[in-house]
Each structure stands twice: as C-alpha cells, then as structure tokens.
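Quick note, the sequences are listed as chains A and B, same order. Per our numbering, the first sequence starts with residue 1, numbered consecutively. Per our numbering, the second sequence starts with residue 1, numbered consecutively.
None of the hints are false.
Using 25 Å as the maximum straight-line C-alpha spacing, the simulated BS3-like pairs for lysine-lysine come out as follows: (1) A:LYS9 - B:LYS42; (2) B:LYS42 - B:LYS109; (3) B:LYS2 - A:LYS57; (4) A:LYS57 - A:LYS9; (5) A:LYS71 - B:LYS42; (6) B:LYS70 - B:LYS2; (7) A:LYS57 - A:LYS71; (8) B:LYS56 - B:LYS70; (9) B:LYS56 - B:LYS67.
No wet-lab data here; the hints were simulated from the structure.
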Amino acid sequence: NAGVTQTPKFQVLKTGQSMTLQCAQDMNHNSMYWYRQDPGMGLRLIYYSASEGTTDKGEVPNGYNVSRLNKREFSLRLESAAPSQTSVYFCASTPGQNTDTQYFGPGTRLTVL
Amino acid sequence: QKEVEQDPGPLSVPEGAIVSLNCTYSNSAFQYFMWYRQYSRKGPELLMYTYSSGNKEDGRFTAQVDKSSKYISLFIRDSQPSDSATYLCAMRDAGNMLTFGGGTRLMVKP
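The shape of chain A in the complex, shown without the other chains (with noise of 0.2 Å):
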C-alpha cells in the first residue's frame, strides 16, 4: 500500500516548455487535489477533483490544467511554464466523505528557469 505517489521528484524546466505532474493513490479515495507551497505561502489550492469525472479550480489555477484520468490518477499540466511556477507540488487525497484528513504524496520540486 503505497499511498500517495507523484512523479517526477524533481524537474527542472526552461520558461514555454510543457510537462505534466503524474499523482496516484491506491487508496479508493473519490477526491484528489493539487496544491503548490511556496516559502512563507503555506498550500495554496490549484485545482481539484472531487470525483472520478469532475475538476474545479481552487485559489491558484492560472497557467495549469488538470485531468482525473481514473479513480486512481490525477494529472497537473504546466502548458507553459513560468519562473513563477517555481515551487514544490503536492497531490494529496481523501475518502470524499471527509475533507479534512488529506493524505499528501511526496511532492514534486519544479525549477523554472
């Protein structure tokens, strides 16, 4: 029972170039979320996913894009990238029934240069 996994760990970009986030949960859970942290920022909310075929953007969605491929999978796409999308990611997940305990991946540290 791995978790919560997110792909790739690190990544290093040039500013225009594209790269998809990858997240997965084996946990059946129906919500699936991603969020950025930044210093001093705390988790900002970018988008998620509250079931299997449905996304809603949250606090920070501008210059991503999202797909909840399955149950399981929940993508984050950077079509563009920009220095200012220079951060950790990190997807968590939860039962659906409660939002509150989310369970978070390990996170993916993006450089944009």
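Take the given structure of chain A and dock chain B to it, following the hints.
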C-alpha cells in the same frame, strides 16, 4: 492580508520544553480546524483535528480553538527532537477547500 496568519519561526526550544504554536484567522465562517505536521522534504500529515471551540488532547499534543478571538493553538508537551518539523494550521468553512497557514518551523534541540 492573508486569511490565516502563522508566525514562520523558526522556533527553537530545548528538549522537554512545552511548545506553543499559534494561528490567527479572519474568516468567521471557518468551523473546522486542523494541524498538519511536515517533516523536511516530505508531504504534510494530519496531526490534530477539531470541530468546535475548546481543547482536544491526543498524547503530548493539545489543540485549542477560540472562535471568539479567531485564534487556534497547538501545544506540545515534553517536546522531543523528533518533533522538529514545520507545523501548518489549516481550516475550512462548510465547503470542501482547506485554507492553510504559512507554517511554523520548530526545532527541538537535544
């Protein structure tokens, strides 16, 4: 002004000390309050959850909520070096999105 304010620290204490971590918030609609612990280069993990005002105790940890003052606290008794981490408060209203504080970095020195 952020909805949730948290002193970033770092807070350095000797082993065995009582630690007090705090958050203030401005949104009176928040009614669910959590503390997450995040070790270096790891994802956060839920430590404590409270729904109402008052105290909740779990081992060495006590979470306190004062809705009238819009103030929440986490107390750690008999702090250990293994408690060294960043502590994030989080809260939400009746919706399903959490709002996190910026985190307080705690260092417990042996």
